[in-house]
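Asker: Residue-level listing of the chains:
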Amino acid sequence: MNSTETKARRKSSSDASLQGEPRRKSGLLPFRKKTVVFGSWIWAFPSLAAVAVIHYYATYVGGSYAFTDFNGISDANWVGLDNFIRIGTDPQTMGAIGNTFFIAVIYFIGVNIIGLGLALALNRGLKTRYFLRVLMFLPVVLSSLAVSYIFKFIFDFEGPLNKVLMALGQEPKLWLGDTDTAIWTIIIVAVWQNAGLGMVIYLAGLATVPPELEESAAIDGAGVFQRFWHITLPMIQPAVAITTTLSLLTGLRIFDQVVAMTGGGPFGATDTMSTVIYRITFEYSDFGYGTALATVFAIVLAFAAALQLFITKDRSGK
Amino acid sequence: MNKFQRRKATALMATSLLALTSLSFGSPAQAAPTEVSFWAPTVLSGGKDPYATVVAAFNASQNKYVVKLESKGGAQIYGQGLNTAIQAKALPDVFVVEPGVGQLQSVLPLADAGIVRSLNDTNAPKSNPVNDRQFMNKGPTTYAAAFAVEINAPVVNTTAMKRDGVVWPRTFDRMLTECRAAVARGKSFFYLAGSQFGNNGLMAQMMLVSSLYGKDPNWNRKRVAGTVKFATDARWKDTLGKVKEMIDAGCFQSGAQAGSFPGITQNVFPGRVYAVFVPGGTARDYRTQTGQQFDVYPMPMSNNTSEQRILYGVSYAASINAAAKNVEGAKAFINYITSRVGQTTFVAVSGSLFTDGTFNANRTPWFRPVASLVTTKKGLPSPTRGWVDPAVYNRLGTGIQGMLTGQATVDQVLQNMDSVWK
Amino acid sequence: MFRYTKWTLLREVLVWIVALFMLLPLYLLINNSLKDSITSITDPLGLVVTPDFGNFVTVLESTYAGSLPLGMLNSFIITAVGVSILVVFGSMTAYVLARRTSKVSKVTFYLILVGIIVPAQLGIVPIYVFARSVGLLGSVWGLGIIYGMMLMPLSVFLYAGFVRSLPTDYEEAAFIDGSSRFNTFRKIVFPLLSPATGTVAILGGIIMWNDFFTPLIFLNNSVSPTIALVVYSYAANPVLIEWNLVFALLILAMIPITILYLIFQKRFIQGFSGGIKS
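Residue numbers (the working numbering), protein chains in the order written: chain V, 1 to 318; chain U, 319 to 740; chain B, 741 to 1018.
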């Protein structure tokens, strides 16, 4: 009772202080005490309802399926934590979790390093830099499924990659069928397609770095690397934050490439959380176990995103 | 889309009936044929679709009903489309199902959930093969009507085999010898699409029918009761152990773990391999496509030929939607496909056999090498029809792929299967 | 002043080499789509000798996996519906939340943002069940609506950042003049938001156009596939894979988005990097 009163009072006072600004502006029109009202809550209602249903309610309902043995066609029975326990005891799932993190980390490194490298290379000076940027960004807008099929052809045992290797005197490899190399093919395809996205975001960030700053540092004797580390990098912090978080989330959720190229094989070597969840939920129609996996995975994603944002948070105190 | 077309057809029929009855004096009005919607997987056999052929024949044979066929993708994605339709309560009048349990398109779980209608008022209960009734009936009620009967055993390029002076091995040891001889010749005895768990699984079934289920037909029931397990069963270990022996003897093409479906025809047509693991009726297809002789041979699993069995059963059947709009039309279609006339049309394209077991080796010459097994009743239906969880079959198939890569042992594969058994 | 030295020339050449390397897969794609099935396997790298456009015709006429033109139409409908919902409702919501300064609107805004970080893609099963119970499953319009709902947080986020950077003078003047709030928004604010509208349309549009996972679940094998589903059904078909035909299909599937990209490439790139500003 007491605390709510205080809260209400605090709220109204803070509102009042915030409303102090418009009131000042309305000083232009001394006969109006009322301030401008922007829109109406009704306008926001459809979106809010949509978000509430799709992102909150549906997740809640789905979460509850995780505690049942729903199989899509007959009634669901409560099974408690069985599905969650199964996650830990199922070698296929544990393997997929490992693959997912491995892919995400390498993909993350690839997209960011290559993206940043391309951005630095195409930032200034090159005559064809605008044309090259357009070219490098093209793969991003293509369908990842289509891109994956192109690479499936390339990595095929009788495909061009092996033909080139044989022409160079090397042994042809079973890229898609070898448990060691298969996972790298997935990563290569994903990085190939998305490096351009990293490049574009880093370019936008680099555009905010005034060249005079770097030049004066160069005059002062700072080396290329020092200039980059101490001047450029801190100034593109927002770009770093966005690209790293985006690439981490994308890497964790890789699905299309696996489906098109390896189907999760060989022997589960390229199964990711997304493909396993899809297979269990929609190919086996085991909704209970599938939603349990999806719930755990969603928590992992949220955690990873929060962690990444925290690490790349703006610390310059600007 | 279907619903709209159906409503349109019904509306048209209704108005035309009204118009005609109001105008006619005594002469009966001819109603327009009513539509029956039918879903089937996409099957191309010799460039023709057996389902489309039998549908066309049915439509031509009468004018009360018109069956409209929709091909919903290959066998592996058909089930998912069906499942989505079940969820959306948008099933057609008639659709193709598989006998037994364990797949999305398996009929028994659908029967349990009340999604399919009883077929006891059609010819189906009488025409379904006896051995398969356990997988299509619940108690006294029949829920699925078989189109035909399939034999599933290795399909062999006999022309290529004879050209190299090879005789089909009748014992397991003899087969290993032939495998090694093929390798010495720069070829491979089998082509296995190791990246597809379905192909590995089909091969496993062709082997298990002799090495396990022929000796113990009730094994699945024991597994359900929990008195046996995959990992501790001597015959399971023996069968997968034989797979390992085959791998070691070079029976499969190098890089088999990445073998694909297109590779099957790419290798068996020119005779780079002799045998592949595809449904028996495909032999007819291959004959038509290449002009070479393709036959179906039994998969040898022991050195005692009396233990030889063969996979013989229903692969696809039709069920009626419990909420079907056109029940009479659906029943008429079912009666047609279970009749001799309907089946003749179907098997002429699919290369399968009649459900009543009549076997004419002259009509289906590719089955000659297995004819004696069929007539001496050594045929058994697919063992996986009794596996409830599709994950088990998937683990079997991917486990064999693991064995091909050298990553998995027999015990690991079997334990993997046990861990998902429900 | 920036000098173009020989180091710069070297850098340019190096980048070009990298670029050509990166674009090699696209060369393979186009090159092999014009070959017959045998040459595409035996000599994938060589430049095609006698270009054969027949593959494109074959693929267009094929009904094996659903027709590509139908897939394009469906993809177009879905994307149009989805983008409309995102633009109309996202802008209005962002306007309300960004202009108002109460705690409630702040909290609501953050609650919506959570939806971006844990995107609905992962809650796909409950959404699937929800769509099933509401009857939106298997329908193209339904999928468009679902996309609009799923991507709404992204749209609100992008619009809100832009709205905040707009000064309130125009709206106040309109308010004084007695304009209704909706008219103010429609005639004054929304046109000013057009850069954000472009970003939302492009980002959301690309996601919806190329998406494979969601249509796979919602439209799986129904009478109305999207482009992604047609490509998948064709290329994943176990028996038929002939690379030259698959590539012809892929090129046809990629043409719409590529043409749009080449025309609007500046806007595309701006759209993706627009997120930086907020």
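It should be emphasised that the hints constitute simulated quantities derived from the structure, not laboratory data. Hints may contain errors.
As the list claims (entries may be wrong) - List of simulated lysine to any residue pairs, SDA-like, C-alpha gap at most 20 Å:
{"hint": "1", "chain 1": "B", "residue 1": "K843", "chain 2": "V", "residue 2": "A52"}
{"hint": "2", "chain 1": "U", "residue 1": "K407", "chain 2": "B", "residue 2": "Y767"}
{"hint": "3", "chain 1": "B", "residue 1": "K846", "chain 2": "B", "residue 2": "F897"}
{"hint": "4", "chain 1": "U", "residue 1": "K505", "chain 2": "V", "residue 2": "L174"}
{"hint": "5", "chain 1": "U", "residue 1": "K407", "chain 2": "B", "residue 2": "V869"}
{"hint": "6", "chain 1": "U", "residue 1": "K547", "chain 2": "V", "residue 2": "R86"}
{"hint": "7", "chain 1": "U", "residue 1": "K533", "chain 2": "U", "residue 2": "A549"}
{"hint": "8", "chain 1": "U", "residue 1": "K533", "chain 2": "U", "residue 2": "T694"}
{"hint": "9", "chain 1": "B", "residue 1": "K1006", "chain 2": "V", "residue 2": "A52"}
{"hint": "10", "chain 1": "V", "residue 1": "K163", "chain 2": "V", "residue 2": "L135"}
{"hint": "11", "chain 1": "V", "residue 1": "K173", "chain 2": "U", "residue 2": "V542"}
{"hint": "12", "chain 1": "U", "residue 1": "K740", "chain 2": "V", "residue 2": "K127"}
{"hint": "13", "chain 1": "V", "residue 1": "K163", "chain 2": "B", "residue 2": "G875"}
{"hint": "14", "chain 1": "U", "residue 1": "K555", "chain 2": "U", "residue 2": "V542"}
{"hint": "15", "chain 1": "U", "residue 1": "K407", "chain 2": "U", "residue 2": "K366"}
{"hint": "16", "chain 1": "V", "residue 1": "K127", "chain 2": "B", "residue 2": "K846"}
{"hint": "17", "chain 1": "U", "residue 1": "K740", "chain 2": "U", "residue 2": "T545"}
{"hint": "18", "chain 1": "U", "residue 1": "K740", "chain 2": "V", "residue 2": "N77"}
{"hint": "19", "chain 1": "B", "residue 1": "K1006", "chain 2": "B", "residue 2": "A941"}
{"hint": "20", "chain 1": "V", "residue 1": "K127", "chain 2": "B", "residue 2": "L754"}
{"hint": "21", "chain 1": "V", "residue 1": "K127", "chain 2": "B", "residue 2": "V755"}
{"hint": "22", "chain 1": "V", "residue 1": "K127", "chain 2": "B", "residue 2": "T748"}
{"hint": "23", "chain 1": "U", "residue 1": "K547", "chain 2": "V", "residue 2": "T89"}
{"hint": "24", "chain 1": "B", "residue 1": "K846", "chain 2": "V", "residue 2": "A52"}
{"hint": "25", "chain 1": "B", "residue 1": "K846", "chain 2": "V", "residue 2": "A49"}
{"hint": "26", "chain 1": "U", "residue 1": "K540", "chain 2": "U", "residue 2": "A408"}
{"hint": "27", "chain 1": "V", "residue 1": "K313", "chain 2": "B", "residue 2": "F897"}
{"hint": "28", "chain 1": "U", "residue 1": "K547", "chain 2": "V", "residue 2": "D90"}
{"hint": "29", "chain 1": "B", "residue 1": "K746", "chain 2": "V", "residue 2": "G125"}
{"hint": "30", "chain 1": "V", "residue 1": "K163", "chain 2": "B", "residue 2": "R751"}
{"hint": "31", "chain 1": "V", "residue 1": "K163", "chain 2": "B", "residue 2": "I770"}
{"hint": "32", "chain 1": "U", "residue 1": "K505", "chain 2": "V", "residue 2": "L135"}
{"hint": "33", "chain 1": "U", "residue 1": "K505", "chain 2": "U", "residue 2": "T495"}
Said to hold, decoys possible - Label pairs and their calculated CB-CB ranges:
{"hint": "34", "chain 1": "B", "residue 1": "P809", "chain 2": "V", "residue 2": "Y57", "range": "31 to 39 Å"}
{"hint": "35", "chain 1": "B", "residue 1": "P996", "chain 2": "V", "residue 2": "I85", "range": "27 to 35 Å"}
{"hint": "36", "chain 1": "U", "residue 1": "A431", "chain 2": "V", "residue 2": "S64", "range": "16 to 24 Å"}
{"hint": "37", "chain 1": "V", "residue 1": "V300", "chain 2": "B", "residue 2": "P996", "range": "53 to 61 Å"}
{"hint": "38", "chain 1": "V", "residue 1": "K127", "chain 2": "B", "residue 2": "N923", "range": "37 to 45 Å"}
{"hint": "39", "chain 1": "V", "residue 1": "S64", "chain 2": "U", "residue 2": "G516", "range": "43 to 51 Å"}
{"hint": "40", "chain 1": "U", "residue 1": "P588", "chain 2": "V", "residue 2": "Y56", "range": "20 to 28 Å"}
All C-beta atoms in this analysis are idealised placements derived from N, C-alpha and C, irrespective of residue type, glycine included.
Asker: The structure should be examined with respect to each hint, and the outcome stated for every one.
Answerer: How the hints compare with the structure:
{"no.": "1", "hint": "B:K843 to V:A52", "result": "holds (18 Å)"}
{"no.": "2", "hint": "U:K407 to B:Y767", "result": "violated (46 Å)"}
{"no.": "3", "hint": "B:K846 to B:F897", "result": "holds (12 Å)"}
{"no.": "4", "hint": "U:K505 to V:L174", "result": "holds (18 Å)"}
{"no.": "5", "hint": "U:K407 to B:V869", "result": "holds (12 Å)"}
{"no.": "6", "hint": "U:K547 to V:R86", "result": "holds (19 Å)"}
{"no.": "7", "hint": "U:K533 to U:A549", "result": "holds (18 Å)"}
{"no.": "8", "hint": "U:K533 to U:T694", "result": "holds (16 Å)"}
{"no.": "9", "hint": "B:K1006 to V:A52", "result": "violated (35 Å)"}
{"no.": "10", "hint": "V:K163 to V:L135", "result": "violated (27 Å)"}
{"no.": "11", "hint": "V:K173 to U:V542", "result": "violated (43 Å)"}
{"no.": "12", "hint": "U:K740 to V:K127", "result": "violated (65 Å)"}
{"no.": "13", "hint": "V:K163 to B:G875", "result": "violated (51 Å)"}
{"no.": "14", "hint": "U:K555 to U:V542", "result": "holds (19 Å)"}
{"no.": "15", "hint": "U:K407 to U:K366", "result": "violated (31 Å)"}
{"no.": "16", "hint": "V:K127 to B:K846", "result": "violated (46 Å)"}
{"no.": "17", "hint": "U:K740 to U:T545", "result": "holds (14 Å)"}
{"no.": "18", "hint": "U:K740 to V:N77", "result": "holds (15 Å)"}
{"no.": "19", "hint": "B:K1006 to B:A941", "result": "holds (14 Å)"}
{"no.": "20", "hint": "V:K127 to B:L754", "result": "holds (13 Å)"}
{"no.": "21", "hint": "V:K127 to B:V755", "result": "holds (11 Å)"}
{"no.": "22", "hint": "V:K127 to B:T748", "result": "holds (9 Å)"}
{"no.": "23", "hint": "U:K547 to V:T89", "result": "holds (18 Å)"}
{"no.": "24", "hint": "B:K846 to V:A52", "result": "holds (16 Å)"}
{"no.": "25", "hint": "B:K846 to V:A49", "result": "holds (17 Å)"}
{"no.": "26", "hint": "U:K540 to U:A408", "result": "violated (37 Å)"}
{"no.": "27", "hint": "V:K313 to B:F897", "result": "holds (18 Å)"}
{"no.": "28", "hint": "U:K547 to V:D90", "result": "holds (17 Å)"}
{"no.": "29", "hint": "B:K746 to V:G125", "result": "holds (11 Å)"}
{"no.": "30", "hint": "V:K163 to B:R751", "result": "violated (30 Å)"}
{"no.": "31", "hint": "V:K163 to B:I770", "result": "holds (18 Å)"}
{"no.": "32", "hint": "U:K505 to V:L135", "result": "violated (46 Å)"}
{"no.": "33", "hint": "U:K505 to U:T495", "result": "holds (14 Å)"}
{"no.": "34", "hint": "B:P809 to V:Y57: 31 to 39 Å", "result": "holds (37 Å)"}
{"no.": "35", "hint": "B:P996 to V:I85: 27 to 35 Å", "result": "violated (47 Å)"}
{"no.": "36", "hint": "U:A431 to V:S64: 16 to 24 Å", "result": "holds (21 Å)"}
{"no.": "37", "hint": "V:V300 to B:P996: 53 to 61 Å", "result": "violated (35 Å)"}
{"no.": "38", "hint": "V:K127 to B:N923: 37 to 45 Å", "result": "violated (49 Å)"}
{"no.": "39", "hint": "V:S64 to U:G516: 43 to 51 Å", "result": "violated (34 Å)"}
{"no.": "40", "hint": "U:P588 to V:Y56: 20 to 28 Å", "result": "violated (59 Å)"}
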